[in-house]
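Engineer: In case you want the letters, here they are:
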Amino acid sequence: MAVKEFEKPILKEYTPIPELVEEATSHLAPFKSKEEFQKSLGYPGELVENWQEVALGKMGDLLKKYRSLRVYMDSCIQCGACTDKCHYYLGTKDPKNMPVGRQNLMRGVYRKHFTLPGKFFPKLVGAVDLTKEVLDDWYSYYHQCSQCRRCAVFCPIGIDTAEISMAAREIMDSVGVGQKYCNEIIGKANKIGNNLGLPKPALADTLEGLEEDVEEETGIDVKFPLDVKGADVLLITPSADFFAEPHVDGLIGYAKVFHEAGMSWTLSSYASEAANFGMFIGSYDNMRKLALRIRQAALDLGVKRIVFGECGHAWRVAYSFLNTLAGPFDFLDPRYPVPQHICEVTHDLINKNILKFDKSANDGKVITFHDSCNVARASGMGDVMGGQFSLPRDIIKATTNNFYDMDDDTIMEKTFCCGGGGGLLTDDLIELRMKGAQPRMEALKRVVEDHGVTHMAAICAICKSQFSKAFQYYGFELDQIISLHQLVGDALIMTKK
Amino acid sequence: MSFVTIFYGISFYVATLILFIGLGYRIYEYSIIPSPLKIPTPPAPKTKSGVAIRLFREVVFFESLFSATKWTWLFGWLFHFALLLAALRHLRYFTDPVWFWVSWEIVQAAGHYAAYIMIFGLIGLLARRIFVDRVRYISNPSDYLMLILIISIALTGLLMKWFHTDVYAVKMFFIGLMYFQWSELPSDFILLLHLSLVLLLMIIFPYSKLLHAPGLFFSPTRNQTDNARDQRHISDWAKKLESKK
Numbered sequence: 004m005a006v007k008e009f010e011k012p013i014l015k016e017y018t019p020i021p022e023l024v025e026e027a028t029s030h031l032a033p034f035k036s037k038e039e040f041q042k043s044l045g046y047p048g049e050l051v052e053n054w055q056e057v058a059l060g061k062m063g064d065l066l067k068k069y070r071s072l073r074v075y076m077d078s079c080i081q082c083g084a085c086t087d088k089c090h091y092y093l094g095t096k097d098p099k100n101m102p103v104g105r106q107n108l109m110r111g112v113y114r115k116h117f118t119l120p121g122k123f124f125p126k127l128v129g130a131v132d133l134t135k136e137v138l139d140d141w142y143s144y145y146h147q148c149s150q151c152r153r154c155a156v157f158c159p160i161g162i163d164t165a166e167i168s169m170a171a172r173e174i175m176d177s178v179g180v181g182q183k184y185c186n187e188i189i190g191k192a193n194k195i196g197n198n199l200g201l202p203k204p205a206l207a208d209t210l211e212g213l214e215e216d217v218e219e220e221t222g223i224d225v226k227f228p229l230d231v232k233g234a235d236v237l238l239i240t241p242s243a244d245f246f247a248e249p250h251v252d253g254l255i256g257y258a259k260v261f262h263e264a265g266m267s268w269t270l271s272s273y274a275s276e277a278a279n280f281g282m283f284i285g286s287y288d289n290m291r292k293l294a295l296r297i298r299q300a301a302l303d304l305g306v307k308r309i310v311f312g313e314c315g316h317a318w319r320v321a322y323s324f325l326n327t328l329a330g331p332f333d334f335l336d337p338r339y340p341v342p343q344h345i346c347e348v349t350h351d352l353i354n355k356n357i358l359k360f361d362k363s364a365n366d367g368k369v370i371t372f373h374d375s376c377n378v379a380r381a382s383g384m385g386d387v388m389g390g391q392f393s394l395p396r397d398i399i400k401a402t403t404n405n406f407y408d409m410d411d412d413t414i415m416e417k418t419f420c421c422g423g424g425g426g427l428l429t430d431d432l433i434e435l436r437m438k439g440a441q442p443r444m445e446a447l448k449r450v451v452e453d454h455g456v457t458h459m460a461a462i463c464a465i466c467k468s469q470f471s472k473a474f475q476y477y478g479f480e481l482d483q484i485i486s487l488h489q490l491v492g493d494a495l496i497m498t499k500k
Numbered sequence: 682m683s684f685v686t687i688f689y690g691i692s693f694y695v696a697t698l699i700l701f702i703g704l705g706y707r708i709y710e711y712s713i714i715p716s717p718l719k720i721p722t723p724p725a726p727k728t729k730s731g732v733a734i735r736l737f738r739e740v741v742f743f744e745s746l747f748s749a750t751k752w753t754w755l756f757g758w759l760f761h762f763a764l765l766l767a768a769l770r771h772l773r774y775f776t777d778p779v780w781f782w783v784s785w786e787i788v789q790a791a792g793h794y795a796a797y798i799m800i801f802g803l804i805g806l807l808a809r810r811i812f813v814d815r816v817r818y819i820s821n822p823s824d825y826l827m828l829i830l831i832i833s834i835a836l837t838g839l840l841m842k843w844f845h846t847d848v849y850a851v852k853m854f855f856i857g858l859m860y861f862q863w864s865e866l867p868s869d870f871i872l873l874l875h876l877s878l879v880l881l882l883m884i885i886f887p888y889s890k891l892l893h894a895p896g897l898f899f900s901p902t903r904n905q906t907d908n909a910r911d912q913r914h915i916s917d918w919a920k921k922l923e924s925k926k
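Protein chains in written order, with the working numbering: chain A, 4 to 500; chain B, 682 to 926.
Okay, chain A solo, but in the shape it has when bound (with noise of 0.2 Å):
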């Protein structure tokens, strides 16, 4: 099937609020998931034939296990405050992107079924009956949500309308409505390890690559070791960094680090891989399971620590889920936060003046940095309030002599979605990737044309694959999306042989 052309945005200075064109994106839907797949996660393999009924019964059953969703539902005034703060309204100018838009997709079906208002006066309140032309606009609306919580942060409520999304789709996959993508993968993760579907020989054989790249270019054996038993580290990193750039750069700076400061690690093939789809899909048990591939290969490795490399959502699964789903980790060494995230690490050893760095080996770059999500508003690192802002910019500083922030208001907790994130990386949502990613694009540009800044440095897989796209898109260049951990491992003073 052919993706649709679109017009292409214009970048401007800042991005402005646009006004509302109803419907603008109601094409947009992503490719459904085919019977094997939806078998293969415990949902129905097409639309069951009772959907209603068994919609309306699963989400009652949310509402008892998610607070989040039951208070949601209940506590929003229709303010308006977050209408203009969705990448993907700003984008794409359709009112139902707006978050309180795409929550009362869900909220006029609770009000219907769930409160009395809904039921005597549904008019008055806007109540509406489930019926598939409201099905379809979920289908449609909650895949044009990125989960990125940007929203939430301005809610005078804390209404977070990726807990919403996360539920409608899990409702969704319940009466055998599923995205293709999201769980074509997970399939892949349960079966082989990583969502890429590279097997063990596959992936030793790229490691292997690595290695003589590395040796090639530095003259230094560093090793890209794999299942290795007794190692102190396990190195959970999405499986994009064995497979392209700019993300492959990342690997090996993450390797360089371990190599300079000595730590024994290594990967593994059983849990290769950091993505965790699960939560895409709002499924706490599909969650859960691929959590649970972690631990067991913790188990089996016999590690002490757990490091994640760099990827958003996996670091949000990691750093606020992971203990929950798969804990307690009591049998890794306690001296250290469970899991920790690379620059955790690395910013660690910076301070002990392990990692020496030639920033000058960067002066060929002007930096920026871009908070992706997940990391930004979702999880942590270190022990400070803010770590997960302080902690790679540190390490950028660290490694380069040029670095400027973006705009306050679309940086840290403000940040932008890629437009990417959620489960939305897929080609048949090409319009939506491009649309949601111009309010970023345009933030990138202002720094651009202010500071010359040649390169934004990323700490999640989905973002440096969306910005390979965009800046293609809107006429950056592709190789201006780097690793963080490039920086690292381009600037990094190698002294062990």
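Hints were generated in silico from the structure; no laboratory data involved.
Errors might be hidden in some of the hints.
Short, incomplete list of chain A residues facing chain B, as computed with Cβ under 10 Å [claimed, not checked]:
| hint | residue |
| --- | --- |
| 1 | Glu25 |
| 2 | Ala27 |
| 3 | Ser71 |
| 4 | Leu119 |
| 5 | Phe124 |
| 6 | Lys126 |
| 7 | Ala130 |
| 8 | Gly161 |
| 9 | Ala321 |
| 10 | Gly330 |
| 11 | Ser382 |
| 12 | Glu416 |
Virtual Cβ for every residue (Gly too), placed ideally from N, Cα, C.
Chain A is already provided as a structure; the job is to place chain B on it using the hints.
Structural biologist: Here is chain B on its own, set in the frame of chain A:
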């Protein structure tokens, strides 16, 4: 006892029951539903006292709203602050003898002028609903009616400045309701209108978006501590998954 007294007396009992039982039940419901995962938004405090400070700042200053939109913050905050002042002034109807600080001139005067501020804030919010296309799009009839209801309560309250009513008798009516020794309610039209609207507000409170008031305190993005790596945060239903294995 006049019909008016009996009607309003019973209505206030019923409305009070609906308000307190309804709201209490909602709070009970919220409190028993687990939050199975840690989802605080930044800047997320790492301690419980940090959470208390965060919630205090949200409740008192509407901090998140301030960072979102200054106009909505201005109108919304003025309205809520004025509502508090007006409520304090009204305490004199429910305390006998009147608490000393409630009778202070400044509390009484502030409560009076608060009505104007309240109306100003509410009209601002109504204007946003009508004139900002994004807010108009999300507004249901109930959203307009809620604003109009509260504006009407403030207006009818103010009007009693000019259409005098025997406020002492009103006070005795409420004190009588509280101690089950009923006394007559004056049957002035503006007063009865004011009280009717308040009754309506009390009744719809537990069934409407006014639940944002308890909702804020139960909002996991705002009330959770950021300590997921240090402490397991497992809900009862998730624990059951573990025993399945």
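Engineer: Indicate, hint by hint, whether the structure satisfies it.
Structural biologist: Verification of the hints:
For Glu25 (chain A), the interface hint holds, the least distance from its beta-carbon to any beta-carbon of chain B being 8 Å, beneath 10 Å. A distance limit of 10 Å between C-beta atoms decides the matter here; for Ala27 (chain A) the minimum to chain B is near 13 Å, and the interface restraint is violated. The beta carbon of Ser71 (chain A) is positioned within 10 Å of a beta carbon in chain B (closest approach about 5 Å), and the interface hint is therefore held. With a cut of 10 Å, the hint placing Leu119 (chain A) at the interface with chain B holds, because the nearest CB-to-CB distance is about 6 Å.
Residue-level restraint check for Phe124 (chain A) holds (minimum Cβ-Cβ distance to chain B is 8 Å; threshold 10 Å). The interface hint given for Lys126 (chain A) is met, as the beta carbon of that residue sits about 7 Å from the closest beta carbon of chain B, less than 10 Å. Against a cut-off of 10 Å between C-beta atoms, the interface hint on Ala130 (chain A) holds, since the closest Cβ of chain B lies about 9 Å away. The criterion of a C-beta within 10 Å of any C-beta in chain B is met by Gly161 (chain A), whose closest approach is roughly 4 Å, and the hint holds.
For Ala321 (chain A), the suggested interface contact is upheld, since its CB lies about 9 Å from the closest CB of chain B, less than 10 Å. At about 5 Å, the closest approach between the beta carbon of Gly330 (chain A) and any beta carbon in chain B falls short of 10 Å, and the interface hint on this residue holds. A hinted interface residue such as Ser382 (chain A) counts as satisfied when its beta carbon comes closer than 10 Å to some beta carbon of chain B; here the least separation is about 8 Å, so the hint holds. This hint holds: Glu416 (chain A) has a C-beta 4 Å from the nearest C-beta of chain B, less than the 10 Å allowed.
The structure shown violates just one earlier hint, number 2.
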